[in-house]
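Here's the letter readout for the chains.
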Amino acid sequence: MTAPPTGAPSSDAAALGQENVRAVAAARGLAPEDLDIRLRADASSYTVVLVLFAIAIGWLLIGSIFGDIASLKLHWPDFLTRQSWLTFGRVRTAHLHAVNYGWATAALIGTSLWLTPRLVHNELKSPVAALIGGALFTLGIAVGIIGVLLGFSDGMEWLEANRYTAGPLLVIGGGLVGLSLFRTVAARRAAHLYVSVWYILGAFIWFPMLYVTGKWPTWTGVESAAVNWFFAHNVLGFWLTAMSVGAAYYFIPKVLGRPIYSYQLSVVGFWSLAMFYSLNGMHHLVGGPLPTWMITTSIVASVFMFIPVVATGINLHMTVVGRFGALRYSPTLRFVVLGAIAYTAVSLQGSFTALREVNRVTHFTHWTVAHSHVGGYAFVTFVAFGAMYYIVPRLVGHEWPSARLVRWHFNTVLAGIAIYVVSLTWAGVAQGLALLDARLPFQISVERSLPGLYGRSLGGLILTVGHFIFAWHFWRMVRMPTGAQPGARPPFHEAQPILYTDEAEAGRPQTFRAAAHSDQIARAPAAHDGNVRPAQGTS
Amino acid sequence: MIPSSLPVIVATAVLTLLAAVVLAWGYWRGFFRDFDAQARVIFEPEDLRLERPWETPVDRLEREMRHGKLVAPAPGEWGGAA
Chain W
1 MTAPPTGAPS
11 SDAAALGQEN
21 VRAVAAARGL
31 APEDLDIRLR
41 ADASSYTVVL
51 VLFAIAIGWL
61 LIGSIFGDIA
71 SLKLHWPDFL
81 TRQSWLTFGR
91 VRTAHLHAVN
101 YGWATAALIG
111 TSLWLTPRLV
121 HNELKSPVAA
131 LIGGALFTLG
141 IAVGIIGVLL
151 GFSDGMEWLE
161 ANRYTAGPLL
171 VIGGGLVGLS
181 LFRTVAARRA
191 AHLYVSVWYI
201 LGAFIWFPML
211 YVTGKWPTWT
221 GVESAAVNWF
231 FAHNVLGFWL
241 TAMSVGAAYY
251 FIPKVLGRPI
261 YSYQLSVVGF
271 WSLAMFYSLN
281 GMHHLVGGPL
291 PTWMITTSIV
301 ASVFMFIPVV
311 ATGINLHMTV
321 VGRFGALRYS
331 PTLRFVVLGA
341 IAYTAVSLQG
351 SFTALREVNR
361 VTHFTHWTVA
371 HSHVGGYAFV
381 TFVAFGAMYY
391 IVPRLVGHEW
401 PSARLVRWHF
411 NTVLAGIAIY
421 VVSLTWAGVA
431 QGLALLDARL
441 PFQISVERSL
451 PGLYGRSLGG
461 LILTVGHFIF
471 AWHFWRMVRM
481 PTGAQPGARP
491 PFHEAQPILY
501 TDEAEAGRPQ
511 TFRAAAHSDQ
521 IARAPAAHDG
531 NVRPAQGTS
Chain P
1 MIPSSLPVIV
11 ATAVLTLLAA
21 VVLAWGYWRG
31 FFRDFDAQAR
41 VIFEPEDLRL
51 ERPWETPVDR
61 LEREMRHGKL
71 VAPAPGEWGG
81 AA
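If you read the sequences in order, they're chains W and P.
Residues in the first sequence are numbered consecutively from 1, following our numbering.
Residues in the second sequence are numbered consecutively from 1, following our numbering.
Since the hints were made in silico from the structure, they are not lab data.
Note that beta-carbon positions come from the ideal geometry of N, C-alpha and C, so glycine has one too.
Errors might be hidden in some of the hints.
Under 8 Å between C-beta atoms, here's a sample of chain P residues computed to sit facing chain W [to be verified]: (1) V8; (2) A11; (3) T12; (4) L15; (5) T16; (6) A24; (7) W25; (8) W28; (9) Q38; (10) I42; (11) E62; (12) E64; (13) A72.
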């Protein structure tokens, strides 16, 4: 059969699609509308999620190279000194932007766009807006990084990208993605909002508020420093952490096939994060020229973080307890569970570091860099890797080509981050103690931290190798034609070839949105499993 | 001249108040009822009937008694080539 030019399937194709869904559903003992909703949810986010994942991996490689260059310069000061755009101050900032906004943000937005339709039992709304938003956001990151490399920086850490060139692209891009997500949740069929949806929605409400506050052009002097750390710390807790914890709350119970240990605790975790997190950033300014009460309040708020962290940590840990053997079978679980453990560790370390006595030693040392990598890498990036291992096969219709490459990827990044964090944590303490000793010249603090800096470069290079392995595997994955592994197709993909018949014949993508059986789904008595609300429902 | 703490205090107050308002609204709209059903919203019937290779025979029997006859997972079910 031939696809009409508009992309709408012929009635024959639609009938075949319905029949196929019914047949597959019957074979698996499912209600056809359940399967159909799932297939349509996945298909609606197909293009935007795959594009965002590809973009994210591109940024991961670029960011890794910048990170390695910056790291090498710390113990090899004559390395790449002739080009101004390769000086430490610029490549380090480019690394931070590429990995945090390019890689982690794009990967987690992609994950959120895939998760949300599944969680609300509906298609992704405005997928084109989300795609354009993702493209604009990426362009904004690129403009920001190029500007930084050329020497144009707004001069605030985490906010260096120029507010007048990169800023509008980031705001409009993020806004369009948010629009798509909010429309999807508003049109939900699920009767309940799972905790992951709260985290995702929270992230997309908080980030614009933080960004506009951070980029407001009137801040100066000490005020500017306070706003800087208000943004820089909250962008971790309210943006990257929120989306990552939301993803962990989905993937761990989903793979294990058992509900989260205590749903009540997950709700406590989310709302206590929302209530107490925002003042944490001031603990980066302990000893700085800010009111003492403000710093003290921030330290208290940091200690309050025990509540959401312990709630989330206990919850995720207790969900896995007795099932740790599953980590051998599921790379997704391996990455996400380790990420969840790192979340607990980095959060408790953060509360501990906020205390004045600890901060006195660790402030302005490599300890902080190690700490931020436990959060940004061992937690956020591991969750993002785990999510991609789960999602991509369900998008492209076949299993990852090589179990060996998955193992190599996992082993290299685990070894890399372990070497990195242990080296720099140790170096940070040695450096801090040397700096506090008035009898020692400054040079001693540098010499004592030097072995840690070598460890940092070694760990960073191993991480980069792991990233190239992952990127190569992803490339092989998306290049492989659907159906290339007939014996190794992921769940439910046997239902897709017929629904995708028009795509195959027309040589272009077509979503389930156009399927003629959508009317049938809208009319279906959808409350059969208690999870789906009627299409005309009001809740 | 405004105090250096003002922007952060105002921004923090807005974020906290917003969270409090949404929490109250969510409670009023009934988003915090029936937690057991909320915890299960991620599962489709088949998720609970898949044979999981790491489970003990007792676990499998328990799952079978609760959710019906177990079915074999498709390759890649657990995310990534294991």
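How the hints compare with the structure:
Checking P/V8 against chain W: minimum C-beta separation of about 5 Å stays under 8 Å; hint holds. At a threshold of 8 Å, the smallest CB-CB gap from P/A11 to chain W is about 5 Å, leaving the interface hint in force. Interface hint at P/T12: satisfied, since its Cβ lies 5 Å from the closest Cβ of chain W, which is below the 8 Å cut-off. The beta carbon of P/L15 is positioned within 8 Å of a beta carbon in chain W (closest approach about 4 Å), and the interface hint is therefore held.
Taking 8 Å as the C-beta cut-off, the interface hint given for P/T16 holds, the closest approach to chain W being about 6 Å. The closest approach between the C-beta of P/A24 and any C-beta of chain W is roughly 11 Å, which is over the 8 Å cut-off, so the hint fails. Because the beta carbon of P/W25 sits about 12 Å from the nearest beta carbon in chain W, more than 8 Å, this interface hint is broken. About 12 Å separates the beta-carbon of P/W28 from the nearest beta-carbon of chain W, more than 8 Å, and the hint is not met.
The interface hint given for P/Q38 is met, as the beta carbon of that residue sits about 4 Å from the closest beta carbon of chain W, less than 8 Å. The beta carbon of P/I42 is positioned within 8 Å of a beta carbon in chain W (closest approach about 6 Å), and the interface hint is therefore held. Taking 8 Å as the C-beta contact cut-off toward chain W, the hint placing P/E62 at the interface is violated, the least distance being around 11 Å. Contact between P/E64 and chain W, as hinted, is not supported at the beta carbon level, the nearest pair being about 12 Å apart and thus beyond 8 Å.
Restraint check, P/A72 versus chain W: the minimum CB separation of about 11 Å is more than 8 Å; hint violated.
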